[in-house]
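Chain order of the listed sequences is A and B.
Each residue of the first sequence is one higher than the last, beginning at 244 in our numbering.
Each residue of the second sequence is one higher than the last, beginning at 244 in our numbering.
Derived by calculation from the structure, the hints in this document are not laboratory data.
Treat the hints with caution; some may be incorrect.
Heads up, the list lumps identical chains together, so a pair's fine if it works in one copy or across two of them.
[Said to hold, decoys possible] Here are the simulated EDC-like pairs of lysine to aspartate or glutamate, each with C-alpha atoms no more than 16 angstroms apart in a straight line: (1) LYS745 - GLU287; (2) LYS716 - ASP758; (3) LYS617 - GLU818; (4) LYS745 - ASP427; (5) LYS830 - GLU529; (6) LYS814 - ASP524; (7) LYS405 - GLU478; (8) LYS716 - GLU748; (9) LYS545 - GLU420; (10) LYS745 - GLU425; (11) LYS716 - ASP756; (12) LYS803 - GLU626; (13) LYS716 - GLU434; (14) LYS745 - GLU293; (15) LYS821 - GLU529; (16) LYS467 - GLU489.
These are the residues of each chain, in order.
There are 2 protein chains.
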Amino acid sequence: MNNSRQDLTLYNAHFIDGLVKAGVESAVISPGSRSTPMALLLTEHPDIKEYIQIDERSAAFFALGLAKVSGKPTALLCTSGTAAANYLPAITEANNARIPLIVLTSDRPHELREVGAPQTIDQNRLYGTHVKWFAEMALPDAEESILRYVRTTAAKAVYTAKQSPAGPVHLNFPFREPLLPEYDGLFERLETDRFPAIHLNEGMRVLPQCEIEELAALLQGKEKGLIVCGEQQSEGFEEVVVELAEKLGYPILADPLSGLRSGAVYSDLIIDSYDAFLRNDRVKQEAVFDVVLRFGAMPVSKALTQFLCRHAGKVHCVVDGGGGWRDPIGVATHMLAADESAFCRLLTSCLKEREDTSLWMRNWIRINQGAKAKMESIGEDQELDEGTLFYEILQRLPDPSALFVGNSMPIRDLDSFFFANHRRVRLLANRGANGIDGLVSSALGAAAVTSPLYLIIGDLSFFHDLNGLLAAKLNGIKMTVIVINNNGGGIFSYLPQAAEPKHFERLFGTPADLDFSYAAQLYGAGYEKVSDLSSLDTAMAKAERADGLFIIEAVTDRVKNVIAHRELWEKVSQEMNKLTAGDDFWK
Amino acid sequence: MNNSRQDLTLYNAHFIDGLVKAGVESAVISPGSRSTPMALLLTEHPDIKEYIQIDERSAAFFALGLAKVSGKPTALLCTSGTAAANYLPAITEANNARIPLIVLTSDRPHELREVGAPQTIDQNRLYGTHVKWFAEMALPDAEESILRYVRTTAAKAVYTAKQSPAGPVHLNFPFREPLLPEYDGLFERLETDRFPAIHLNEGMRVLPQCEIEELAALLQGKEKGLIVCGEQQSEGFEEVVVELAEKLGYPILADPLSGLRSGAVYSDLIIDSYDAFLRNDRVKQEAVFDVVLRFGAMPVSKALTQFLCRHAGKVHCVVDGGGGWRDPIGVATHMLAADESAFCRLLTSCLKEREDTSLWMRNWIRINQGAKAKMESIGEDQELDEGTLFYEILQRLPDPSALFVGNSMPIRDLDSFFFANHRRVRLLANRGANGIDGLVSSALGAAAVTSPLYLIIGDLSFFHDLNGLLAAKLNGIKMTVIVINNNGGGIFSYLPQAAEPKHFERLFGTPADLDFSYAAQLYGAGYEKVSDLSSLDTAMAKAERADGLFIIEAVTDRVKNVIAHRELWEKVSQEMNKLTAGDDFWK
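Throw the hints in and build the complete structure from the sequences for me.
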């Protein structure tokens with residue numbers, strides 16, 4: 244009944260070589276026994292870079308961060324049992340955020356399932372609807388037809404994971420003992436010539452020319468339009484959407500994850516302070532648009548969402564190359580499944596050149612600049628509340644660099660304080676399911692393929708994935724973590740329950756009283772605590788020189804922070820009232 | 244469309260009161276927004292003790308440990324999205340280990356699902372085949388019929404979770420904003436009189452009398468029988484199985500989790516060194532039995548499993564009150580779905596009294612005592628290898644106390660070195676899926692309801708659930724953790740790959756180089772490092788006096804440890820050869 248060592252070896256080697264031929268370059272491996280053949284052969288393959296993380300939950304988020312930045316499917320490998328269950332949080336995020344992952348779980352063979360054998364759970368469709376494809380693999384065998392099958396399956400897994408919308412796929416491998424393959428120098432000897440690699444092209448969705456022309460005619464008649472851009476993955480999108488905006492005379496409301504707030508595309512039609520000025524009632528009410536063209540995921544800003552909702556009934560086109568239904572507010576009038584860049588290019592080519600800048604466009608630029616000027620006044624503060632801190636850190640990011648931000652407050656502060664600029668700062672976050680989990684690991688996975696990388700994260704979220712830090716040491720990765728430690732869940736202070744003190748701190752504030760200098764020592768990271776701008780400068784300089792992990796801890800106050808944010812929004816709002824006073828501002 | 248505050252309040256309050264009336268006493272809550280109504284009302288209910296843990300993965304294992312020791316279903320509550328996904332590892336363990344959990348996830352309402360809304364994943368049947376029951380709940384409503392429905396559903400959830408085999412159930416609650424219920428003093432005002440509590444009795448499986456009598460006749464004719472006991476949950480089992488063994492004249496091979504190795508049932512027919520002496524070829528071959536009566540889960544010992552396999556074809560009865568198919572080695576001849584205690588009582592009453600102790604029984608006692616004497620000689624060692632350390636710690640456990648052990652090596656060392664005794668030491672482990680994850684939290688959940696509690700755990704496993712430590716501080720729980728730090732995965736040194744150094748340390752040894760004194764400081768725990776018996780004494784005494792968490796770190800060596808274990812087994816094997824020499828030992 245046992246498979247021979249040759250069956251085990253060739254089956255796994257050809258599968259892994261199939262992954263490589265289909266474009267997989269990295270694998271994140273967690274230690275285990277059942278996964279032995281795959282782990283040894285992934286490590287042995289000259290074209291796979293392997294990363295190790297002991298905690299499978301962190302390993303999966305690491306793979307997600309790596310795939311997010313590289314754009315290439317990353318393989319994940321673990322042993323049987325709860326190990327595989329630990330992948331679920333990252334898999335749900337990958338599925339929602341459209342990140343290609345190749346999840347490989349090893350399993351007991353069929354005769355040891357559901358009979359009380361150790362370390363055995365039902366791994367069949369373990370991730371339910373949260374993967375794009377599941378396959379239960381055949382037992383190891385070195386027959387020609389089986390080797391062809393594993394190579395084909397590897398290619399199909401990559402092809403499926405990459406097709407828009409990209410996402411995770413799951414293959415479950417039953418392995419019998421003995422589990423030790425031949426591996427030393429195996430890939431030099433492996434005969435792969437008789438298996439030609441399969442050329443893969445995932446294609447893209449486009450609209451027929453007539454539909455584009457109709458849309459062009461519709462838009463050309465509408466002066467008051469908005470382009471809204473959320474996180475998207477279409478190549479070259481930033482340039483072509485700016486070109487489209489110029490031709491239409493529409494401002495672009497650009498989410499921080501849209502790729503439009505930094506880099507070569509910098510233009511004043513990129514509106515970056517809308518989250519502040521759309522809190523003003525007059526602007527919300529009077530800036531009435533006729534049409535919205537929306538690309539990518541729904542932006543982070545709640546003020547923007549509420550503004551779009553308020554004027555429901557206008558033409559609202561949702562363009563998504565992944566064909567998803569991205570309309571949580573139920574305002575879409577057009578659902579267009581089309582690659583975002585291709586769509587912009589085609590539409591632009593159907594539009595007439597504009598002679599001048601419209602009043603509409605000039606007004607959006609004016610209120611944006613007015614709001615931004617007030618927001619930037621935060622830089623004059625001496626005390627480091629979270630807003631000031633965020634603003635100051637963003638000023639100090641090197642060019643080029645990457646910034647990963649946590650969910651809950653950091654992504655919202657990024658939205659408020661990262662103003663459009665020429666610098667090449669790549670902004671990253673986990674906005675598929677917006678969890679506070681797995682962020683250290685996601686950032687480290689990203690840092691494995693882009694450097695320098697900074698992570699700004701709250702204390703609860705940092706705590707949630709402290710284990711993730713181990714990957715820096717085990718794989719020699721450099722990263723700077725800036726922990727904004729307000730000792731608890733800052734976002735709850737903005738919710739209605741904050742007004743009622745009973746149970747608030749126990750259930751929502753949840754102060755953990757953690758001194759992260761000990762976490763730094765545990766994981767061999769550099770560490771600085773900052774309390775003012777000069778210590779921030781020193782810490783950022785030290786972090787830049789550090790070889791590996793560096794942790795900067797900034798202690799802030801949840802209550803003061805809410806007050807400071809509200810004061811700032813109030814200042815912006817007053818400025819908006821001044822700027823848009825009179826009846827003819829929007830006329 | 245929004246539900247009124249009254250709908251939200253009454254719906255949740257009656258559900259929670261329904262849980263309490265059905266026997267739920269504890270809830271483990273992780274902070275979140277969508278779960279606000281349930282969190283506030285669980286905390287407010289006077290008969291629910293709530294525990295807080297920020298990391299949902301740890302929270303779920305905490306609930307599992309608590310339910311394991313209390314025997315009562317524990318509620319678990321989290322917000323929407325990846326938070327809920329983090330429960331999966333503990334849920335798979337609970338499902339395999341038969342632990343009743345009431346998993347409550349909060350969710351976006353239907354109109355916000357699969358339309359790109361934030362923090363939203365498909366939570367419908369999120370845990371797949373790993374829960375006993377899933378229900379998507381109705382929206383909050385205060386109609387009489389709906390209040391009756393939520394109370395009934397609460398009772399049904401508890402009833403289902405507790406029915407043998409016990410396990411987790413999952414209820415998913417869609418909540419619309421606003422999420423803040425009335426709660427202050429609510430349960431004093433809540434009118435529950437018109438909803439009488441439902442009396443629940445989960446019943447038990449029993450065999451018809453004729454089947455018991457046939458079995459009694461079969462067994463009475465067979466002198467050479469064995470009783471094998473693994474982990475089981477049938478009340479009062481320990482006493483009745485010893486009585487049965489005495490009447491049959493069969494030795495009991497008792498797994499450490501069977502409940503038979505300590506306490507009032509102590510008897511020399513409880514065989515506790517079989518993992519050592521069944522490695523001896525002569526014993527394995529010559530101790531031929533005619534019949535096996537097996538209760539509970541498959542024991543930990545691989546030597547025992549192989550011995551049972553070797554003599555496949557003999558009468559082998561698997562008795563399981565949960566009706567599971569617990570036979571990973573495929574040797575069962577009788578599958579009997581019957582409550583273990585009831586089965587023993589009925590069978591005993593059908594058997595005749597024995598006059599004397601048979602040679603068969605005397606032989607098992609002789610070899611057990613011979614092996615044990617050799618095993619105990621480990622206590623004479625000066626150096627603390629893992630075996631010695633384990634043996635010495637076990638000698639020092641207070642009476643009464645509870646001991647939770649980690650998977651991989653600790654459970655195997657417990658099997659080797661915890662000899663049957665009179666002390667009341669409750670032995671606990673997570674042997675459903677045997678993961679190395681979630682053990683700190685499982686032990687802390689157990690420590691919340693039984694004290695003093697000790698956890699012995701390896702360094703990789705301790706690392707995996709470091710976050711679990713936070714619950715000690717947040718909930719004021721006392722526990723002593725003894726970390727056996729051999730800097731990596733000790734169990735891999737016993738596997739074939741240990742013979743091949745290439746990739747071994749990177750993929751399997753995985754040294755993390757963690758100094759856990761920093762983890763102790765991070766979580767405000769007491770800490771001692773031990774290197775010999777006298778420092779172990781000091782550390783154990785300090786731990787006993789400590790108020791909260793105390794961590795004892797013992798640094799050992801993976802390579803030396805394998806050698807020491809093999810030497811010890813060799814010593815036992817030689818002793819067995821001597822003891823059983825000649826042809827007439829078993830005759």
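- What are the numbers of the hints that this structure violates, sorted from low to high? Going through the list in order, the structure violates hint 13 alone and respects the others.
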